[in-house]
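Protein chains in written order, with the working numbering: chain A, 738 to 1222; chain B, 111 to 593.
What follows is a list of derived Cβ distance ranges for each label pair:
id	chain 1	residue 1	chain 2	residue 2	range
1	A	E838	B	P395	20 to 30 Å
2	A	A1102	B	E316	24 to 34 Å
3	B	Y184	A	N1072	33 to 43 Å
4	A	S1042	B	P395	23 to 33 Å
5	A	R1091	B	Y322	42 to 52 Å
Since the hints were made in silico from the structure, they are not lab data. The structure displayed is predicted, hence computed values, not measured ones. The C-beta atom is built at its ideal place from N, Cα and C for all residues, glycine as well.
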Amino acid sequence: MEYLSKGILEIHDALKNKEVTSQQLIEEATKKAKEVQEKYNAFVTILEDVQPVEEINHILSGIPYGAKDNYSTKGILSTGSSNTLKDYVPFFTATAIENLEKEGAVLCSKTVLDEFGMGGTGTTGHTGVVKNPWDKERMCAGSSAGSACVVAAGVYPYAIGSDTGDSIRKPAAYCGIVGYKPTYGMISRYGLFPFASSLDHCGVLTRNVQDAALVVDAMKGIDKNDMTSWDASAIHLYESMDGEVTGKKICYIKEICDIKNYPNASDELKEHLENFQQTIALARELGMVVEEVSVDQTLLNAIASCYVVISCAEATSNMSNLTGITFGTRSEGKNYIEEMKAYRTKGFSPLIKRRFVIGSYVLQAENKNRYFFNAQRVRRLLVDTWKKLYETYDAVLLPVGSGPAKKLEGSKDILDENMQILEEHLQVGNFGGFPSITIPNGFVNGLPVGCNITSNCYKDETVLNIAYALESKMPYKNQIAKEVQ
Amino acid sequence: MKYKAIIGLEMHCQISSTNTKVFSSAKNGFNDAPNANIQPLDMAFPGTLPVVNKEAVKKALMASMMLSCHIPKYLYFERKNYYYPDLPKGYQITQETKPAPIGSYGSLTFECHGDLKTVRINNIHLEEDSASADHFDTVSKLDYNRAGIPLLELVTEPDFRSAEEAVAFLETMRQNYQYAGISEADSKKGQIRCDVNISIMDASLEEIPENYGTKVEIKNVNSFGGVRDTIHYEIKRQIELKKNGKYEEMEQQTRRWDEQTGTTIYMRGKVDAIDYKYFIEPNIPKIKLDSSWLEEIRRQIPTLALERKQKYIEEYGLSHYDATNLVKEKEISDYYEECLTYGASPKSACNWLTSVILGYMNKYELKVSAVFVTPKMLADLMQLVEKGSISSKQAKEVLNEALMEDREPLKIIEEKGIRQMEDNGEIEEIVKEVFREFPNAKEEYKAGKTNIVDFLVGQVMKKTRGKANPAITMQFIKEEMDS
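Generate the whole structure from the sequences, applying the supplied hints.
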């Protein structure tokens, strides 16, 4: 009997009724993990000799899960999928993971990401490319590629991730699962390796919306070690979910969703957007009011560059601690400058170095106003625009990406320049710190696609409830990846 | 003088009075074993986040208030990005001028050679110290105990015209930091470090920025003596350049003070100036500075040394010398003022304090807190002298004994039965006895040898073991002489 392909509540019941033990679940997880590792290369570390939690006091007690390898875990290799930290074993544990531990959750592995979260493909980790469990020729997207892959493959009911641009919510769509990042500060970032601090969120990947609520209920909480965290004790995500959405008003943005905006649209994109319209129809069937709104195209087009400027600027500063002086394997050099240079030159992949160069460039005194400060202004405009929408609407519903997972290699698709907005709009959720969830909403070419629901800060319950209602109208809840090719 | 110097200062002072560092919960300590006071943040382990120490903010606000600075509504922190092994994060969390730091555009009045001067303060900000690094030929030693200790950086306008003014200002600030309990401000402990800006200009020109010369910044001057020497040296060096016609070639530059050779050494020119790529620290949300909290802090600022000194001179009639001595340390000044609250007269309290107690403290290198005799005890003792119950000689002996043996002066007096002999008959009898012993005294006195009186008083004191009231004794001796 397999348990880990089920939802958390079912597994919990099985544990409570002593149909299965935590030890057996760990064994099942480890076996599956090894198979998945063989096929998709999703793990940095599969832990051996994991201690079971046999006392089932909480929903998550005794149940295995995986964590993205940019969470600091005491005594457990934590690499950020970077050569700079390939041997780094921290001596403290991230608050989010400590909170899960308190609920009896059992950490069984560390999963691959794009190096320090800086990538959207799952191909730049130091242990190699993560393959999509629906089609090994395709990517999982990133940066929480490993976590998305292993949840989709049924290794665990959930894995935790982080999201700076769309790093939870896009891989979720590509892997046909749920990806949720709550409001900024609901989960402490203490112990999460930073990429861009003002955009970084902790979150979770699951196979159904309830599970996402259950896990974040356990991860959240104010933390004296993170000044941006806030007291969310009055918020009960799981308990508040009733699926009652009649009368809720949601909107979608014409400039993003209308096929007419993409004159050279591929069949995949057409199908994806048609499928999205069906989701809208479902929303209406549920009694929600769905309206099309229009947002200035120029502003939408600025999302991607705004994100690049802010995220690279913060990243180059955040990763200045990686010098090999205080931790990491020190490099050889004539003096400390040479040592630092050698460490960073050898350790970082070219993609990251490129981002550091951009980050430094936009912060330079002569460029700062033109790039960095302007990006901050654009960020403010975008957030204000979305907040304006929230005055009328409970949430914004949008398609994720321009179709299903992209091919890892040999993809000759020429992206319509307009299509960039489809790929990048989820970043607004990070600009505003908005609660945002991706759920699977169909298939294109036999591969899963997703849609996203985002709302105003602190409206996590609304976002989850809408997602929960939509999920109930679709047959994708708890789906496990099946290789289609 | 053909030239005048235009001098500005940057003074860094550690806040030594907080229990923990400015952004981590590690101990803010000075004397501990290297790398003992460290939390993960202090070595910038991945995933660590800064948490602002409210106590450090409070002390910084106090400093800002003492400098009459403008205080912003919201407090922001910024990152100053550069690579150095003593800077584990690769950036220092500090405050820049935009958004406003914890204090801007203030001023401070200080005393230099008896004259009052005022310097404008450009800004004061709260930041973190770096680790301390010692570089040797083949190795460098890093101690992260210092990394993250709260640091106040104060930037003055170029309002000083001499090394003496600059040093007098620094001494005043040091004293103020000590008075307010912000810092021990001990440069021997590396708690104070200064950068000095100097340019020279023709003395005949109007003192406006357009007429200032080329600014030279001298980094890392770590003692006040060093500041004085640096300024003297640099003024001389720049005048020399003027004389040799080389001044115009000199570019704006950064130099460092080399204590060994007593010279300044070129570090970098303006073109090589480091771009620190400042941006707002995203991990620290803006902090609202509540006005009631600010008022509470303002109330906690004690009267500072200069103000006390002026009061001592003007109201209490103390000499400049004594007043300066009394305010040198807040604890002494507080002791003095407490004595007055128990009714001691300002002048004699000053005398007793400076002559006996400070002497005792200096001799044994003690702090006021280690002195057993409290202001109340001293004031009570002084009152006995004033009433004539004991002589000042007796009081001095008692006080010394009290200090040495940690005993209450009044108890000593009681136990030993020390009192001034005030019974006129008794004293008169002893005076007569002394005259009998020195029968020639009267004649010698009349022959003009008037100091015989002191001798006779001494004899009386000897017989009474100092108990006789000197005034009464004197009176009887004079009567006897004139009889």
